[in-house]
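Chains as they are written, first to last, in the working numbering: chain A, 1 to 240; chain B, 1 to 139; chain C, 1 to 280.
Wrong hints could be hidden among the right ones.
[As the list claims (entries may be wrong)] To give a feel for the contact side, a few chain C residues facing chain A, derived at Cβ under 10 Å:
1) Met-1
2) Tyr-5
3) Tyr-8
4) Ser-13
5) Lys-15
6) Tyr-76
7) Asp-78
8) Tyr-81
9) Arg-177
10) Asp-212
11) Glu-275
12) Asn-276
13) Ile-278
14) Asp-279
15) Leu-280
What the hints contain is simulated information worked out from the structure, not anything from laboratory work. Built from N, CA and C at the ideal position, the CB exists for glycine as well.
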Amino acid sequence: MDREGGAGMKNIVEIKNLTKNYFNKRALDSLNLNIQEGKVVGILGPNGSGKTTLIKILTGLLRQSKGEVFIDGHNIGVHTKSVVSYLPDRNFLYNWMNIEDACDFYKDFYSDFDEKKFEELLDFMKLEKNMKVTSLSKGMHEKLNLSLVLSRNAKLYILDEPIAGVDPVARDQILDAIINNYNEKSSMIITTHLVRDMENIFDDVVFLKDGEIILQGNAESLREQKGKQIDDLYKEIFSV
Amino acid sequence: MYYMINTLGQQVNGGENMDFNDNLPIYIQIMNLIKGKIVSGEIGKGDKLPSVREFSKKLKVNPNTVQRTYQELEREGLVFTQRGMGTFVTEDKEVIKKFKKGMATNIVNNFLIEMKKLGFTPSEIMDIISEWIEKEERE
Amino acid sequence: MMGRYIKYEIKGSYKFILGVLALVLILITGIFAYSINVDEGSVLGGMFVGLSTLVIFGTLLTTFLYIVGSFRKELYEDRGYLTFTLPLTGNKILGAKLIVAIIWFILLGIVIAGYNILMVMIFTPIKLNISEFFSMIRGMNIPYREIIAFAIAVIISGVSTLILIYFSMALGRVTLRNKKIGGFWFVIFLVLSGLISYVQIKIIQLLPYYIDLNTFKIISYDMFNKGFASFSVIQFNDAALLTSNGDTTILNIGGFLYNILIVVITFLGTGHLIENKIDL
Numbered sequence: 001m002d003r004e005g006g007a008g009m010k011n012i013v014e015i016k017n018l019t020k021n022y023f024n025k026r027a028l029d030s031l032n033l034n035i036q037e038g039k040v041v042g043i044l045g046p047n048g049s050g051k052t053t054l055i056k057i058l059t060g061l062l063r064q065s066k067g068e069v070f071i072d073g074h075n076i077g078v079h080t081k082s083v084v085s086y087l088p089d090r091n092f093l094y095n096w097m098n099i100e101d102a103c104d105f106y107k108d109f110y111s112d113f114d115e116k117k118f119e120e121l122l123d124f125m126k127l128e129k130n131m132k133v134t135s136l137s138k139g140m141h142e143k144l145n146l147s148l149v150l151s152r153n154a155k156l157y158i159l160d161e162p163i164a165g166v167d168p169v170a171r172d173q174i175l176d177a178i179i180n181n182y183n184e185k186s187s188m189i190i191t192t193h194l195v196r197d198m199e200n201i202f203d204d205v206v207f208l209k210d211g212e213i214i215l216q217g218n219a220e221s222l223r224e225q226k227g228k229q230i231d232d233l234y235k236e237i238f239s240v
Numbered sequence: 001m002y003y004m005i006n007t008l009g010q011q012v013n014g015g016e017n018m019d020f021n022d023n024l025p026i027y028i029q030i031m032n033l034i035k036g037k038i039v040s041g042e043i044g045k046g047d048k049l050p051s052v053r054e055f056s057k058k059l060k061v062n063p064n065t066v067q068r069t070y071q072e073l074e075r076e077g078l079v080f081t082q083r084g085m086g087t088f089v090t091e092d093k094e095v096i097k098k099f100k101k102g103m104a105t106n107i108v109n110n111f112l113i114e115m116k117k118l119g120f121t122p123s124e125i126m127d128i129i130s131e132w133i134e135k136e137e138r139e
Numbered sequence: 001m002m003g004r005y006i007k008y009e010i011k012g013s014y015k016f017i018l019g020v021l022a023l024v025l026i027l028i029t030g031i032f033a034y035s036i037n038v039d040e041g042s043v044l045g046g047m048f049v050g051l052s053t054l055v056i057f058g059t060l061l062t063t064f065l066y067i068v069g070s071f072r073k074e075l076y077e078d079r080g081y082l083t084f085t086l087p088l089t090g091n092k093i094l095g096a097k098l099i100v101a102i103i104w105f106i107l108l109g110i111v112i113a114g115y116n117i118l119m120v121m122i123f124t125p126i127k128l129n130i131s132e133f134f135s136m137i138r139g140m141n142i143p144y145r146e147i148i149a150f151a152i153a154v155i156i157s158g159v160s161t162l163i164l165i166y167f168s169m170a171l172g173r174v175t176l177r178n179k180k181i182g183g184f185w186f187v188i189f190l191v192l193s194g195l196i197s198y199v200q201i202k203i204i205q206l207l208p209y210y211i212d213l214n215t216f217k218i219i220s221y222d223m224f225n226k227g228f229a230s231f232s233v234i235q236f237n238d239a240a241l242l243t244s245n246g247d248t249t250i251l252n253i254g255g256f257l258y259n260i261l262i263v264v265i266t267f268l269g270t271g272h273l274i275e276n277k278i279d280l
């Protein structure tokens, strides 16, 4: 999808003809998408466009009805789960945990977890290790979860609506943390409907509407071609 | 060094996120920002530009975008990269001067087009400009 | 990896289990203390004993549902987003849940039973010293083999019941997708256990070959009953997996293998469901 990267760039994600049906509803319709190493890809679309369905298939929480998905050359399974660092759009930590437990948990299950990095991020986010997970506000939750997810040296980060519903200060911290922890060897998939706030960190963007990709490409090339920012393009496409 | 990152960042939007509102690619908007500073002398010749990573943090943009900005500036000859050292503004006065002139040409060109659209003749435009400059000098 | 998951399962539930144990032990103490001083039907004392017994049963039932429900929570609550994106196979997650449940049930069983024995020893008027107690036990003719056989049978049927519960929960999640109907798994569980028991009885009746746990010889049911019917008061139950007539215990081979097979199938089936079928 991005010709500027040139040949030789490895695809970390390959999606071929991906279709997902719920009983009578088609959530994803013959999606084709490759994501290269080192790219930050924005999946843009309103609620119900299929963003979360796509992400849940990539993380192994959902099964596709048709098509093929490869991450790091493997079908979705134990290997892909070990190289994907996933931030769900909800509080997924166990209720009995405090932040220290969550840190131990990540350290135990993910060999790529960097505890030092996690402590730096906690510091940056102004969180303390003895805080109970259940006592955190929505914004603090998001910051803690993101700190855990970004402290892994994963091949692929998948962030589902990382700034939805948080205050502007937390939003800025989250954006900073994402940019600070970007590295050339790993890729990121970020879904959002808050395009204005996030568009500058995307290499590539994918517009999803009713389960289909209606536009995709390099963000800068699209700005050049269409003579507008991605946010304006988003508003035009989804007429919001 | 640190100072410069700050000025570069702050200039954009009072220290907040840079608002890229033009209908131009982000890398071109950042290029224009840096060009303006080089031409005005705010960034001197031979000065080091912030690293890609620092600058991308400051502007809250993808590091690849800043990378591209630097590449394009280098292609235009305004900056040069030294392996392992960073990106520096050209030492060549002539290049900067040429750029300054080019930017002036653009501004004057646009100005003239607009004025002509409003129906001013070249001599009327000259009058308006000299009047304006005299007034400025008196103040 | 599974060991680590077990560690976090225990970390997440030990406070609840310890709380339950504390409550139950206090109530048991109370019951013993009251019933020992019972003078001609003190109404209040009787009420206390009755209520405490009820509370103990209620607590144990709640605990059972809590332990078993830890699996269900993964299927319906947000924590599943963490559990099911761990680099673990469905079998390992299921295995960990199962092992922790067994650990808790055994712990609860041993502590509560042990505490009861302790209470009996403390509150019985006849003071018994420990060595006398053990020599008394040694003196008795305890049928160890039978006890062990029954213990194993209880553990196997307990484990298979647990797995069947997990299987029913996973199946309920798959069939009803996102609709959460409390207790639907229980309906599935009842139907499946009925079905499994029915088939087991049929198998036992079709294949009446047993192992005699005293001699480890294979014998048929007819042989067995013909030879001993005249002596024994209790008839062998011809549909039971493990049955005893008082001095001999026999285990149905077909039924036993069938049970093991069911355990394996439901375990792998549940693992498969949570790994490949459940849409969170």
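Should the interface hint for C/Tyr-81 be scored as holding, given a Cβ-Cβ cut-off of 10 Å against chain A? Where the cut-off is 10 Å and the nearest Cβ of chain A is about 4 Å from C/Tyr-81, the hint holds.
Please verify that hint: C/Asp-279, Cβ, nearest Cβ of chain A, below 10 Å or not. With a closest approach of 5 Å, the C/Asp-279 hint holds.
Interface hint status, C/Met-1 versus chain A (Cβ within 10 Å): holds (7 Å)
Taking 10 Å as the limit, does the beta-carbon of C/Glu-275 come near enough to a beta-carbon in chain A? holds (8 Å)
Min Cβ distance, C/Leu-280 to chain A: is it shorter than 10 Å? holds (4 Å)
Mind checking the CB of C/Tyr-8 against every CB in chain A and telling me if the closest is under 10 Å? holds (6 Å)
Holds or violated: is the Cβ of C/Tyr-76 closer than 10 Å to a Cβ in chain A? Nearest chain A Cβ about 13 Å off; hint violated.
Taking the closest Cβ pair, is C/Ser-13 under 10 Å from chain A? holds (8 Å)
Do the numbers back the hint for C/Arg-177, that is, is its least Cβ distance to chain A under 10 Å? Where the cut-off is 10 Å and the nearest Cβ of chain A is about 8 Å from C/Arg-177, the hint holds.
C/Asp-78 was flagged as interface toward chain A. Is the shortest Cβ-Cβ separation under 10 Å? At 5 Å from the nearest chain A Cβ, C/Asp-78 passes the 10 Å test, so the hint holds.
Please check whether C/Asp-212 passes as an interface residue: C-beta within 10 Å of a C-beta belonging to chain A. violated (46 Å)
Against chain A, is C/Tyr-5 within 10 Å by beta-carbon distance? holds (8 Å)
Checked against the numbered hints listed earlier, the structure breaks hints 6, 10; every other hint is satisfied.
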